[in-house]
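Asks: The listed protein sequences derive, respectively, from chains A and B.
Residue numbering for the first sequence follows numbering that gives the first Met the number 0, starting at 0 and increasing by one per position.
Residue numbering for the second sequence follows numbering that gives the first Met the number 0, starting at 0 and increasing by one per position.
Check before you lean on any hint, since a few could be wrong.
The list makes no distinction among identical chains, and a pair is therefore deemed to hold if it is satisfied within one copy or across any two copies.
When the alpha-carbon atoms are kept at most 20 angstroms apart in a straight line, the in silico EDC-like pairs for lysine to aspartate or glutamate are as follows [said to hold, decoys possible]:
1) Lys44 to Glu54
2) Lys55 to Asp43
3) Lys55 to Glu10
4) Lys44 to Glu10
5) Lys55 to Asp38
6) Lys68 to Glu54
7) Lys40 to Glu69
8) Lys25 to Glu11
9) Lys55 to Asp195
10) Lys160 to Glu181
11) Lys44 to Asp67
12) Lys120 to Glu152
13) Lys40 to Asp14
14) Lys134 to Asp80
15) Lys120 to Glu77
16) Lys163 to Glu11
17) Lys134 to Asp67
18) Lys134 to Glu81
19) Lys40 to Asp195
20) Lys134 to Glu41
21) Lys44 to Asp80
I should point out that these hints are in silico values taken from the structure, not numbers from a laboratory.
It should be emphasised that the depicted structure is a prediction, and the values quoted were computed from it without experimental measurement.
There are 2 protein chains.
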Amino acid sequence: MAGYIPIPSFEELTDRIHSLPGVGRKTAERIAYHIVGMDDKEIDKLVGSIMTVHEKIHRCSVCGNYTDKEVCYICSDEGRDESVICVVEKPRDIISFERSGVLNCKYHVLHGLLSPSMRLKPSDLGIDSLVERVKNGSVKEVIMATDPSVAGEATAIYVSKLLKPLGVKVTRLGYGLSVGAELQYADEVTLSRSLDSRCEL
Amino acid sequence: MAGYIPIPSFEELTDRIHSLPGVGRKTAERIAYHIVGMDDKEIDKLVGSIMTVHEKIHRCSVCGNYTDKEVCYICSDEGRDESVICVVEKPRDIISFERSGVLNCKYHVLHGLLSPSMRLKPSDLGIDSLVERVKNGSVKEVIMATDPSVAGEATAIYVSKLLKPLGVKVTRLGYGLSVGAELQYADEVTLSRSLDSRCEL
């Protein structure tokens, strides 16, 4: 099958696009062709947009969510219930909750999960800063909203063991979620039900 | 639904990715998050790859296919039958033929189709250079391999009227193709059959 577009730079771009999440080989090729056909202005805008995001967006110093400020808009929002922290694996998961509108609390992003193979150690995740927040704040409940997978469960249990001695209630999402699914694809009703049926760890 | 990621640069990147072909809103968001999480080196590679392709790849001076040289690898290939030119709408369509292995001829890329609304004029397409190639070369047959759509048919007929007076045989792909489909998604067998049943215009 090789040899029909023997342009190394084109092949490389196709490979890079293919390595982005959710992009198949055929779509990657289509996008690469589209990029070749773009004019200078469009390329500048696309590249500029990537560079700007890369330079400006970083982790919130409080919760780990992505932000272009020192502290993200959720941590800066005084209208939220500070006594509840919802802990998620990745920033994208916050959107699912915010879209569902069922929570009006603060969040904490771990940026990963503890896995049985332990490729990520507890110190690699945002666990220390979570413990600090619970120690210093007026937190009454921590909702562990990690994926309902082995790694998600393991992480939830690990974190709960650290937090419970601090006198805080630790819950996890109820099994309205289908086991093995990824949180980011859950619909709003399922998310809402899973919040209702959350149980203490 | 607005307001859950109030970071303008992030929204802009998501919009730009969403505007690429074949990328839905959810996938665009996922890719944007992925880009935020990429390190300096990965970003440099992605951006560098886009810039390189944009700078190096342009249209072949003979046939209009994309190439990083003055003349593309197909036009430079002396092992091909120079008496047949297969005319396609876009460079991507050439890949479909090359993959099928049923043709060993030269190509010509129009970079668009004449539409009933005439948004593209004949002078906007690679028609003049096709006429020159037929006039100056040893071409015996031109296969019009435009999409089997209204615009594709209209373009094939328009081009055939220009070429026939030059004493060249002009054919179009046989209707092994399903009407209304896009050429780039045709499978190899269908493409091969449509070549067998090509008919004179």
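Asks: Does each hint hold? Answer for all of them.
Replies: Status of the hints after comparison with the structure:
1. Lys44 to Glu54: both (15 angstroms within a copy, 15 angstroms between copies)
2. Lys55 to Asp43: both (17 angstroms within a copy, 15 angstroms between copies)
3. Lys55 to Glu10: between (30 angstroms within a copy, 13 angstroms between copies)
4. Lys44 to Glu10: Only across copies: Lys44 and Glu10 sit 13 angstroms apart there, 22 angstroms inside one copy, limit 20 angstroms.
5. Lys55 to Asp38: Cα proximity of Lys55 and Asp38: across copies only (13 angstroms, versus 26 angstroms in one copy).
6. Lys68 to Glu54: within (12 angstroms within a copy, 34 angstroms between copies)
7. Lys40 to Glu69: Neither: 32 angstroms inside a chain and 24 angstroms across chains, both beyond 20 angstroms.
8. Lys25 to Glu11: within (14 angstroms within a copy, 25 angstroms between copies)
9. Lys55 to Asp195: So Lys55 and Asp195 fail the 20 angstroms test inside a copy (37 angstroms) and across (57 angstroms) alike.
10. Lys160 to Glu181: For Lys160 and Glu181, the Cα distance exceeds 20 angstroms both inside one copy (24 angstroms) and across copies (57 angstroms).
11. Lys44 to Asp67: Cα proximity of Lys44 and Asp67: one copy only (19 angstroms, versus 23 angstroms across).
12. Lys120 to Glu152: Classified as within; 15 angstroms inside a copy, 62 angstroms across copies.
13. Lys40 to Asp14: between (24 angstroms within a copy, 16 angstroms between copies)
14. Lys134 to Asp80: within (17 angstroms within a copy, 78 angstroms between copies)
15. Lys120 to Glu77: neither (33 angstroms within a copy, 59 angstroms between copies)
16. Lys163 to Glu11: neither (50 angstroms within a copy, 41 angstroms between copies)
17. Lys134 to Asp67: For Lys134 and Asp67, neither the intra-copy (27 angstroms) nor the inter-copy (60 angstroms) Cα distance is at most 20 angstroms.
18. Lys134 to Glu81: Classified as within: same-chain Cα gap 13 angstroms, cross-chain 78 angstroms, threshold 20 angstroms.
19. Lys40 to Asp195: Neither: 50 angstroms inside a copy, 43 angstroms across copies.
20. Lys134 to Glu41: The answer is neither: 49 angstroms in one copy and 37 angstroms across copies each exceed 20 angstroms.
21. Lys44 to Asp80: Classified as neither: same-chain Cα gap 39 angstroms, cross-chain 42 angstroms, threshold 20 angstroms.
Of the numbered hints stated above, those contradicted by the structure are hints 7, 9, 10, 15, 16, 17, 19, 20 and 21, listed in ascending order.
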